[in-house]
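Going down the list, the protein sequences come from chains L and Z. For what it's worth, our numbering labels the leading residue of the first sequence as -5, then goes sequentially. For what it's worth, our numbering labels the leading residue of the second sequence as 14, then goes sequentially.
Source of the hints: derived by calculation from the structure; they are not laboratory data. Some hints here could point you the wrong way.
A partial selection of chain L residues facing chain Z, derived with a Cβ cut-off under 8 Å [stated by the list, open to error]:
1. Leu152
2. Pro261
3. Thr268
4. Ile271
All residues carry an ideal CB built from backbone N, CA and C; glycine is no exception.
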Amino acid sequence: MAAILTNDTGKAARDEILTLRFASGARLASRQFLRNLPATSGLVVLALLCLAAIAAPLISPFDPIQIKLSAKLQPPSWAHLLGTDHFGRDVLSRLLYGARVSLSIGLMVVAFSTSFGVPIGMTAGFMRGNVDNVLMRLMDAFLTFPPLLLAVAIVGLLGPDLRNVMAAIGVVQVPVLARIVRASTLSAREETYVMAARALGASPLRIATRHILRNILSPIMVQLTIGFSAAIIAEASLSFLGLGTQPPNPSWGRDLAEARRYMADAPWLFLAPTATIMLAVLSINFVGDGLRDALDPRSWRTRARVASAKG
Amino acid sequence: MWRYLASRLVQIPLILVVVTMTIFVVVRATPGDPVQIMLGMETSPDAVAAIRKEFRLDRPLAVQYVLWLGDLAQGNLGRSIRLNTPVTQLLRERFPVSLRLAAGAMLVALCISIPLGILAALYRNTWIDYLCTGYTVAGFAIPNFALAMILIYVFSIKLGWFPITGIGSGDAKTAFDAIGPYILPAVALGTLQTAVLTRLLRSSMIDVLMQDYVRTAHAKGLMPTTVVLVHALKNAMIPFVTMVAIQCGYLIGIQVTIEYIFAIPGMGSAVLSGVINRDFPIVQGFTLVIAAFFLFANLVADLLYGVLDPRIRY
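Start from the sequences and build out the full structure, keeping to the hints where you can.
Following this line, the structure appears as structure tokens:
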């Protein structure tokens, strides 16, 4: 006991145990995740979408903005796999470029809500008392407002700039994430390993970042996938209302809005973006569900037992 | 219970003050002048100043807010800068439309989610359950305005069953004329709620069906339908009813895309145009009502929880 508590050996041993547990936990979780068919296929589709977005300039058959009125409103064909819109622009190329907007907005929103939601939630849960009260009542005030309307108000007031869209969608997600992080922090800070770290003389900041944060990563990750897909739908909604990406730039939501006038003659114009949005959101949701199952200790503890029995 | 209710009823106005104050400051702190937007750039400064004075825009922010609160206490929400009509009159026109649309959406959600949730729980891992899961997964993934476009294409353009737009024309001759224009918007608006409620009812029903008292009821020889509909459903409904109340609060505020596509004169589009034109009184009045409705729905949800579940006492 005394040997473990002396600083050097104790720290080394503790770190070794920690990394061992972390590695085996991660390995078990990833094995569980890969066994889940919807989750793996969601991951593959999501990876393909990201690749397509990155490689859009290379793989797009046409320029997404170039107007060619002689080829307007053409149904899907071998030359234009998903047809052309009312300006003769290739729908597939526009969707590929639109993926860049949607996915990057999604990622930026996730980064935004993480960088505010996690510190706020952890501070509230870790400090408790008045800090907790003030922070959470503030978050509650944000939650009293329907999220889409709040985003509409923010973007409408600040102007339809990509950064404003990102901030408007992100602001809506911060209180949700903060609540989850706070709840997880509250239960994590009562765990024995936190008590042990405190007994070893770790500073509160170190306990929060090295011990608590590491242990509440799974609910955060699951919530981030939910935030990612919600952000894609929110961006599409804002662009649909004319508050997001501005024409002629391609965006899934904006293309849907423009397809409204040609619904009777050119149904591919609204079906293609709809299918693309659903594909993106579905794949992210499947990855999120898979993560939740894989990271749920109740489900992988049994796996661990099975694995140790085999080993 | 009564003490809890009283404390919540005190809290709600306080939250509303915070919310309206935030909106008040944010709307005015962002660039864009309602009078300039309305009159254009080439108007005489005198005319602009006169209108600014009329709408108290020349006063300090804090004074404007206190005056607005004072008017609110007398049931006056000011006049729209752009339309020059009282905000309360606009609210009287638009709130019923939004309320009807929200009620329709909730009705659709209930009609689908209750049977589907029960059946999916009863026939777990059969095709009914898979259908239910597929339906909810798709419902979470499709934006409501995209579904609205598909519905318009199939039912209005191809089949010609419903008008594409036209709520509020007022000259309805038959019952279908009155209800018809609401059907597609309500179905599209209620998609997410249907998915949320179906999934919730399925999982709470599965939990309840595994309880001992359900087994006891079966063992007593009660009819399976009695066990499911009376014994199990009653308890599975507790989280469901609460969620219905919460979602009702949301439904008023998320209509904006649906209003936009069906050209419905509701609350969401009023806020949208109010924000774009910097029509401060409209933005404030409408957001106040939307936030109040939302808070009220949440209060009802919390109270219902206590009423339905005798184990919960506030």
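So, going through the hints one by one against the coordinates:
The criterion of a C-beta within 8 Å of any C-beta in chain Z is met by Leu152 (chain L), whose closest approach is roughly 6 Å, and the hint holds. Residue-level restraint check for Pro261 (chain L) holds (minimum Cβ-Cβ distance to chain Z is 6 Å; threshold 8 Å). Hint on Thr268 (chain L) holds. Least Cβ distance to chain Z is approximately 4 Å, under the 8 Å limit. Contact between Ile271 (chain L) and chain Z, as hinted, is supported at the beta carbon level, the nearest pair being about 6 Å apart and thus within 8 Å.
Checked against the numbered hints given earlier, this structure breaks none of them.
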